[in-house]
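Visitor: Now for the letters of each chain:
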Amino acid sequence: MDEILEILEKDCRASTEEIARMLKKKPESVKQAIKKYEKEGVILKYKAVINNELIKDADAEVRALIEVNILPQKDLGFDRIAERIYSFPEVSSCYLISGTYDLLLIVEGKDLHTVARFVAEKLAPLEHVRGTATHFLLKKYKEDGVILKHKEENKRIAISY
Amino acid sequence: MKNLISKKVQEMQPSGIRKFFDLVLGMKEVISLGVGEPDFVTPWSIREAGIYSLEEGFTSYTSNKGLYKLRLGISRYLESRHNLKYSPDEEILITVGVSEAVDLGLRTLINPGDKILIPVPSYVSYGPVAELAGGVPIYIDTKEDNFRLTPKRLKQYLHKKPKAIILNYPTNPTGVCYTKKELSEINKILLKHNIFCITDEVYGDLSYDFEHTPFPTLPGARNNTLYLNGFSKSYAMTGWRVGFACGPKEVIAAMTKIHQYTIMCVAITSQMAAYEALITGRKPVEEMKREYRRRRELIIPGLNKLGLDCIMPEGAFYAFPSVKRTGMKALEFAEGLLKEEKVAVVPGTAFGASYADYLRISYASSYENLKEALIRIERFLTKKGVSNGKKD
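Each protein sequence line maps, in turn, to chains A and B. Quick note, the first sequence lines up with residues 1 to 161 if you use the numbering used here. Quick note, the second sequence lines up with residues 1 to 392 if you use the numbering used here.
The hints are simulated quantities; they were obtained by calculation from the structure and are not laboratory data. Don't take each hint at face value.
Unchecked claim - Straight-line C-alpha distance at most 27 Å; calculated DSS-like pairs for lysine-lysine: (1) B/181 <-> A/24; (2) A/155 <-> B/342; (3) B/28 <-> A/155; (4) B/257 <-> B/85; (5) A/26 <-> B/305; (6) A/25 <-> B/371; (7) B/283 <-> A/24; (8) A/155 <-> B/339.
Every value quoted in this text rests on a predicted model; they were computed, and no experiment measured them.
Could you build the full structure based on these sequences and the hints that come with them?
Guide: Below you can see the structure in the form of structure tokens.
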């Protein structure tokens, strides 16, 4: 992977100047490379990883992993039905997977009932959906490579040869 | 009490900056650029291997030379990476870090009064350990050659009839690396004058501008060289204490004799973890290396801009700037910076008596910390009435 991407993936707030300095490149060429990545859709979005559990006044939110078994359509395979499903705003992620089930969804809602209602009223009745299995998430340990735990203190002694 | 302690140990010079170290250790919330080890923790797969070995009951001694599979792994690694062939049976010894290997090597070679060349500034242990072994260290000052050992300078010391030389590259504390061409010239001189080479290449994986050349890969060098390396810096495993020595079988056999009576063997948990490090491969190493290189591009220009003149280090994670233009001595500078701005650096005197105008600054610290440290150093200099390194 291009080092520019590697740096941005770790810290998307790193400025062009800073990346240029790190890699000994001209800021202009870094800027252009990033623009190109954005245009090509390699870089889709810049976002923060937030630990919801630490936000005390946050609207309680529940997430569920939902496995969906679907009947593929002639000529269109899974894509058409997947599109119908991932277009719901409640669906935050949608993957086609191998194994017993076909689609894996991550669905978010403000409480258990909202998610349950989404499954019962929106998802399950879809014509090509043959079955679903809902798993509510209880605790988030690690997400997108980030461990959601207070940073441990550096255990090195402060000075050594 | 004075008669209790051996003369040799009494004569050993305690580190002149011990007090400064105590001062640092007594302070809280310091940004430390004084650390001689990576700021990463050991990669998880390696730590896990250590834990698993304990679960499986690996709690015994190993053979004196170290676990055979670890020696075999090292042998294969050196061959595949550097085309360097050492037999795991007779030419590799697992040691407690490179530190023990330096001690064993010197004790194996030195007869009382033998002279050992040590280019300075150098890592702190070489001189004292050579003295303990009964040798006479002869320091080669490299200040005027941008901290590089040049053939010309080396030749000036040949009349002293040294038995061996200790090389260390990438160098702690300067970050200097040598190209193959430079090393070849040094090697020719050593071979011609029958000077044995102990080479400490523990930072060998951290060479940023050109490929690292292990000394024994040079023509004719293999049988005249003791090659020392370890897992500490490459795999962020300093606290595990695993190093290794590779050399001619007579030398390794002699070192093993001392090792078996003094150390017995390296802790088995550490050896098991080190083996995993070889298996896990080089991905974490390469990631760490890229990260250090990025930090280097921040800290070196940053220091030079502040008037702390500094060569561009080609490896390791140290900068070795001069404080001469500030009008302060290194210890005064380091103490002031610590007390006033809570940034810790190591005064150059730690690495050679004549380096009172230098600091060792370690950039094994996060990018954010380095940025903040540069701001604080600038503020410190401004308060002292020093701007751009010249006193107003």
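Visitor: The structure should be examined with respect to each hint, and the outcome stated for every one.
Guide: Going down the list of hints, with the structure as the test:
1. B/181 <-> A/24: Answer holds: residue 181 of chain B to residue 24 of chain A is near 26 Å, not above 27 Å.
2. A/155 <-> B/342: holds (18 Å)
3. B/28 <-> A/155: Since the Cα atoms of residue 28 of chain B and residue 155 of chain A sit roughly 13 Å apart, the hinted pair holds (cutoff 27 Å).
4. B/257 <-> B/85: Given that 27 Å is the threshold and the Cα spacing comes to 23 Å, the pair holds.
5. A/26 <-> B/305: holds (19 Å)
6. A/25 <-> B/371: At roughly 19 Å apart (the allowed maximum being 27 Å), residue 371 of chain B and residue 25 of chain A satisfy the hint.
7. B/283 <-> A/24: holds (22 Å)
8. A/155 <-> B/339: holds (22 Å)
When the structure is compared with the earlier hints, no violation turns up for any of them.
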